[in-house]
Structure formats: structure tokens, C-alpha cells
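Asker: Going down the list, the protein sequences come from chains A and B.
For the first sequence, position 120 (counting from the first letter as 1) is numbered 120 according to my numbering, and the numbering increases by one without interruption.
For the second sequence, position 168 (counting from the first letter as 1) is numbered 429 according to my numbering, and the numbering increases by one without interruption.
No wet-lab data here; the hints were simulated from the structure.
Wrong hints could be hidden among the right ones.
To be verified - As a list, the in silico DSS-like pairs of lysine-lysine whose alpha-carbon atoms are at most 30 Å apart:
#1 LYS438(B) with LYS342(B)
#2 LYS438(B) with LYS131(A)
#3 LYS342(B) with LYS127(A)
#4 LYS127(A) with LYS438(B)
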Amino acid sequence: MTNAVIPNQGPIVQAQDVHKRFGPTEVLRGIDLTVNPAQTVVLIGPSGSGKTTFLRCINHLEKIQGGRIYVGGQLIGYREEGGGLVEDTERNIAAQRARIGMVFQRFNLFPHMTALENIIEAPVHVKKTPKAEATARAKELLRKVGLSDKADRYPNQLSGGQQQRIAIARALAMDPMLMLFDEATSALDPELVGEVLKVMEQLAHEGMSMVVVTHEMGFAREVADRVIFMDEGKLVEEGPPAQIFDNPQQERTQAFLSRIL
Amino acid sequence: MDSRVTRRRLWTLVALVVVAAVLVWVYLRLTEAGFDWGFIPAHFFDQTLIQGAQMTIFLSVVAQFFGILLGLIAALMKISKNPTLVAISGFYIWLFRGTPLLVQLIVFATGLYQIGIHLNLITAALLALSINEGAYMAEIVRGGIQSIDPGQMEAAKSLGMTYGQGMRRVVLPQAAKVILPPTGNEFNNMLKSSSLASVISVGELLQHAGDLNHLYFKTLETFAIVSCYYLAMTTVVTWGQSWMENRLGERKALEQQPGFWGRVRGNILSTRSALDHR
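Isolated chain B, as found in the complex (with noise of 0.2 Å):
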């Protein structure tokens, strides 16, 4: 056998001894300490925990479709050549990228309860998640569009379409691949930041985990649980995103009128190609 393929066998092998040893002696110290391994999977199906990520996964899933909805908009306001729109985007951009998240959700909740708009909690949650989502949606979309040889434009205007078919069927299905990368991005960073909606006591995953943490005293063994229901959350939007990825590249026959997706494929599938060619 090849001596450089047993060596690098046998530095897996003391990698391997030298995980199975941290992950006894965790093991060990936390039995020692009292860790309750048996409350893991008593509770692990807890009905407030599923209750709760069912709320996280809500909040989530809306309010990052409105984030790209409002980033979308604020992006094509911005590269407008109207200033007054260039304002507005550039100062709702300035001001939810610069102030954080949790402010914005507790003005939104108990703030604007204040001067006598009120909002139920989850509607307020949905808000600012929504709002500060956009913020950011804004910026990559804005840079995926500006990725676009203006060329691209150019020849759209120059065929007769105006400003918004170009935009519309010409620029944006190319700048959806620059841009769908980080916006799966977003999203995993979403389900972790609608947490913060805690704080004003909406009733999601981090919040009915307070409630099972104050019933049971089981500070560490819960939040064990939670860490694990965020990773599943994660890890699929992860495999969605590859999946989505993949599917989107996929050698296919193109549909008799490829739709909006169909062109985005159309266009994932041409760089493809050019790879092929290479």
C-alpha cells in the first residue's frame, strides 16, 4: 500500500481517538454535574417545544417573504433615477441596517403601543421582522441586479420594451441566481433571529422554552433540546437551498412557455453549460 495513503489513514484514525476522548470526558463532567440525560428524550417532543417551533417556523417564513417583497421594492427604488425615491430607499436601508433588531421589535410592540397604535404581538413581531429583513434584502438585491451587464438592458430598450419588461424578463431572472445564494443566507439567519421576538413574548421556539426551562429547572437539558430544533430548522432550509440550486441546473427540456422560474433554470443552465465546455 502507498505509505502516504497509511499515513493519512492513520491521522484519521488519532483525529477519531482524540473526538470519542473530549466527547467521553463532556459526557463524564456533565453526569458528574448531575445532567439529567433522561429529560432529553422525555421532552424532546414536548408539545410547547413543537407549538413553539411552529411559531418560529411562521414568523420565519413570512416575514422573510415580505423581506424580499419590501427589499425588492427598495432596491429598485434605489438604482431609480427619481431622488426622492433614492431618499426613501437609502434612508429605510440607513436606518434598519443601524439600529438593532431587538429595538426595532420592542418599538414596534410596546413603543407604538404607546402613541395608541395597537398592535397584536405577532403582527408587531411580523413587522419589524419583516421591515429589518427588507433592509438588508434590499442591499443584495440591489447588487444582484447591478451584476447585469447593462448591455443587457440596452438591448432589452433597444428591442422596444420598456424600463419595467426589461427589468421583469430580462435583468431580474439573471440577477435571481446572484441573488438566491444569500438569501438562503438570510433565511437561516431569520430562523435564528426571530428568537429575539421572545422579548416581546410572542410565543415561539426560544420563548416556550423559558416556560419548560421555568417548569423543570432544567436550564442546560433544555436548551439542548432547542439548539437541536434550530439545527433541524437550518439544516433543511441548507438541503432546500442546495436542493433548489441543483434542481434549478438541471439538463432538462425547457417548457413550452418557461415562466419566470423557467427562465431563471434557462439561465443557471447556460453558465452550465459553459462550464462544460471548458
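Isolated chain A (complex conformation) (with noise of 0.2 Å):
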């Protein structure tokens, strides 16, 4: 059902050495990652460490000082101009994120429109999909995410973990290539955690490319094809669950896992 379009065989994400600065302060210090499709890929790490930056940047919502980021082999954000990188144009940005979904810590649904009403919005004003067909599609999703009968509801009638799954649909509708999930449980109460993850679960089964920041570790262990490690802005050690939880090498790496587990 997410047929994502993968324009080639290469790698859904390849970062190579994201370096991304606050002000004075560098919080990515020459990040490389490669997402393979149909991948998961989970990054851990304490608060802090860059993860969340790191996510924002694959889809530009942050700016970058340097390195690069292809998704889906193109170039995010930058063009290459005289030998150099400069930003893209606005339009450009905008068709690139319409490939890439992205799922927030704070829901961010539309409050002013209905659970059915945040999932076509973008497929109709962007993608220019027709009511019909769209409306069809969010239906779908929203059997999908066991939503069924929410569709006419406001955000705010809704409990945390629907919000969080109409959010997760309304990306989908837009037949991402690759979905960025940025702490979707962090918010919720602790009986909501549950339903959001099994739909991400799903959905990693079903073949979507995606890249998970949490602090859920029953879900990187479950689910990730490859966890990944970071601290201070560098990734420090990454490899399957399996090595990382029972078998981690680096010293930071069994210290951070020896607080949280």
C-alpha cells in the first residue's frame, strides 16, 4: 500500500559529513549515514547529541554548514553553483520535502481542520491530486492506522496517540519515499505509546525506508535493521540492535545504554 517511488537503486538517504552549527556552538560534527530502502534505521543518544538535528537537516527544515545530504539521489536543499553549494530555490526545497514525510513530537495537526480534512490538504494543494481520489486514499489511511471513524474529528477531540496516527497518515498521503519520525511518542501518555508504535511497526514490515529518532528501545531492538549511536554530535558506533544492546563496544555507547535500560 506505501508504494514508495524509489528512483534508483542506490541508497534512500546518504549523509556525508553534516556538520551544522547554532551560533557558535557545532551540534553536528561530520555526520555520514546511508539508508538503504526499505530500511529502518533507529538513533539513539542522550538529549542533546545532535539526533533531532540531524533528522531536521535530511529534510531541510534545518540548514547545513557543511557536507552533504542526497535523498533518493538528490542533492537536499543545495545546488551546486560555481563550484560551491547554494541554497535552493524555495520551490525546489518544497517539491523535495513533498517526497519525504515527516512525523513531529508535538503532532503539529492543523487544529482548524478535521482528521480527514490534515490528511488531503497536502495532496490536494500540493500534489494537486483530485478531491475525490484523495479523500479515497485518506480513507484508506485511516483504515489503515484504525481510524476509521475519526475522520470528521477535530485534533483536539482526539487523544494523543490518534493525533499522533492521523499525523503519521497525513504524511503517508503524500506516498513519501521515506519517513522521518522525530520523537512521535515523547508526548504521549505512557498507554498511548503503544498504538503509535505499531503502526510504525507496520509499516517498517511493509517495505517504507525510514529513520527513527526515539528513546523507545523495545522498538529499536524489535524493529531497526540498524541502530545507530549517537553523542555530541557524532555518530559513535552503529550495527544491528542485537550488537549494540547486548554487545556494544564503545565505552560511551554502554554507559548511555546502562542509565536508560
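Please dock the two separately framed chains into a single complex, following the hints provided.
Answerer: And the structure:
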């Protein structure tokens, strides 16, 4: 159902030596990362390690000061000009973002639209999909996230878990080739976390390419193809979940895991 | 009967008696001083006042409309990332909020005349009122936009919308709810401050009242009538405003394709239901 359009056989995400500064503070200090199609990569690490910032660089919600990020083979946010990189036009960046779904910690549903309207908003107004078609697809997505009966509800009539599932459906409605999850369950009451993780897990099994920032180690262990531990703006260690969780090589990884597990 | 209720009724009665006494005293005092009570009904619907009121409404509606438009443009400029636009808008707001409307009216009407720009007086009044109002609306609109969670624009962008689309479809419909009440207030003010246009001889309500006064020399009587006119206009605006706010909040099935106002209504409707759930 999530027919991710993969333009070439190369990696979905390729980040090369990404640097990011907020003023004098360097928050990303040379990140290299490759995500292959249908892979789920989970980023873990202490707060302030730069994992959320890095995720936001992938769809250019944050500018970068060095390095390159490719999604689906396309350089994100910048174009080559005269031997250097200049920021791309707003229209091009928007077109790139349209193919990268993002789910936020605080859901960020549009409060003045119903669940259904939230989902069809971008397909109708960005992709110019006919409304009837977008609505049919939205109903399909609502069914997929288990909220068919909530189509006409406004976001604040829904629980946090329901809102986040609508937000996932909203992102999926654009048929993204990649999904980014930014601590998607951190703002939820504990009893609502499971329903959102279940939807994410289902997506991963269907072959969606995903980059997930999370504190849910259970999810990382069960669903991730690769787990990456970040600290102080760098990738410290990466590997399959079993290796990272059961046999971490780096001291900092061990220290972090012993604190949270 | 509950003694508290009895006591409250007693106080209401006392208050009524006091108010009535004051009114009677004013009436007697005015009559004694030669106030012409008959003048008011005789001249209430005087043609010159009606025409003046029409001009006042025309000036206010047109100037408020362009004021909102200018305010929206200036607000968007002020929150943009382009330093030139920020500076231009900042200067505009600083200049027109920092000088009296009366001065602006005179400059537009006679100051510009001096340097060879001959504006018709009504045009000059409309320009001054609109541009002045725009400076105030700019701050109201900016406040409205900035009250919306930045996550809304981020979500819009992450779905492939441009800044403009996100503004139009996501941020402004939500900001409108915040902007509406102070805008009603601004329009109420506009009805009254348009009276300053009388200084540049625009035939609005106050100017025509002056004419009537010169004809009969019944100042208090004439301006009592004029006050009723202004009160009637501002009262209607207040009603209109609360009607609009209520109507926007009505529980109605959303239209098939909600337009801008449909989304604004959805916005308010959703707030209402949140309150209901509380």
C-alpha cells in the first residue's frame, strides 16, 4: 500500500560529513549515514546529542554548514553552483520535502481542520490530486491507522495517540519515499505509546524506508535494521540492534545504555 | 424569601432611584438653561446629518478595508527574513503610529498640495486614514501570526508547502481568530477618528454637524444628536462583531470545500468543542 517510489537502486538517504552550527555551537560534527531502501534506521543517544537536529536536516528544516545530504539520489536543500553549494529555491526545496514524510513529537496537526481534512490537505493543494481521489486514499489510510471512525473529528477531540496516528496518515498521504520520525511517542501518555509504535512497526514491515529518533529501546530492538548511537554531534557506534544493545563496543554507548535500560 | 435576594433587590431599587434622580436633575437643569428639547426630534433626521453619516460610514469602511490589507502586507514584511523588507515595514509602523492622525490628514490634504500633488480631499482623507490604520493593523496581524505555534508552519513545509502556501492555508486561518476581536475594536475607533477628516473639510458627520450648528446655534442639541449617531454606528459594529464571532463558532456541518472563512470557522469550532469536553 505504501508504494514508495524509488528513483534509483542506490541508497534512500546518503549523508556525507554533515556539519551544523547554531551560532558558535557545533551541534553536528561530521555525520555520515547511509539508509538503504526499505531499511529502518533508529537513532538513539542522550538529549543534546544532535539526533533530532540531524533528522531535521534530512528534509532541510535546518540548514547545514558543511557536507551533503542526498535523498533518493537528489541533493537536499542545495544546488551546485560555481564549484560551491548555494541554497536551492524555495519551490525546489518544497518539492523535495513533498516526497519525505515527517512525524513530529508534538504531532503538529492543523487544529482548524478535521482529521480527514488534515490528511487530504497536502495531496489536494501540493500534489493537485483530485479531491475525490485524495479523500478515498485518506479513508484507506485512516483504516490503516485504525481511525476510520474519527474522520470528522478535530484534532483536539482526539487523544494524543490518535492525533499522532492521524499525523502519520497525513505524512503517508503524500506517498513519501522516506519517513522521518522525530521522537514520535515522547509527548504521549505511557498507555498511548503502544498504538503509535504498532503503526510504525507495521510501516517498517511493509517496506517503508524510515529514520526514527526515539527513546523507545524496545522498538529499536524489535524493528530497527540498524541502530545508531549518537553523542555530541557524532555517530559513536552503529550496528544491528542485537550488537548495539547486547554487545556495545564503545564506552559511551555502554554508559548510555546502562543508564536507560 | 431568601434574605440575600431581598437585600439585593433593595439595592437595585436604591440604585434605580439614584439614577432617576440624577436624570431628573439634568433634565430640569437643561430646561432651566433654555435647552431646546424640541430641536432634537425636529432635526434628528436632518438631510445634512444623514449625508454626513453616510460619508462617515463610507470613509470608515473603505479605510478599514485598506488598513487591514496594508496591515497584512506590513506584518508579513516585518516577520520576513529579508532585512530590507523588515526595515521598510518597521519604519512605516514607527512613522505612522508615532505621529498624530490629525497631522497626517493635514499633510495629505494640504502639505502635498504645496509640493504640487493635488489630491481630492476625500482621497486625501482615505489615504491618511488607511495608511494610519495599516500601521496599527500591522502590529495586530503580526501578533496574531506569531501567536500560532511555529510547528504549524514546519508541518506545512514538511508536507511540501511553500512558505506562502503554509501562511495562507495553515497559519492565517488560525491567526484570524486572534485578529478578529481587536480588528472590531479598530473599526469602532475608525468610525470615531474619521471625524478628524472634518478638519480638512471632508463632509462627514462632524463637519455637517458643524454646519447645522452654524445655522441654528444650538450646539448642545446638535451634538447630542450627533452623539446618538456615533453611538448607533458603534453599537451596530459591536453587534456585528459578536454576531460574527458567534456565527463562526456555530456547530454546522462543514461545507464540501471550506474556503478561507470555512477554515476559520472550523478553527473556532474546534476550540469550542475543546471547551465542551472540559
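Asker: Compare the distance between the alpha carbons of LYS438(B) and LYS342(B) with 30 Å, and conclude whether the hinted pair is satisfied.
Answerer: 25 Å, holds
Asker: With a cut-off of 30 Å on the C-alpha distance, tell me whether LYS438(B) and LYS131(A) pass.
Answerer: With a Cα-Cα distance of about 27 Å, the restraint between LYS438(B) and LYS131(A) holds, given a limit of 30 Å.
Asker: Could you grab the alpha-carbon distance between LYS342(B) and LYS127(A) and see if it respects the 30 Å cut-off?
Answerer: 27 Å, holds
Asker: Holds or violated: are the alpha carbons of LYS127(A) and LYS438(B) at most 30 Å from each other?
Answerer: 28 Å, holds
Of the hints listed earlier, there is not a single one the structure fails to meet.
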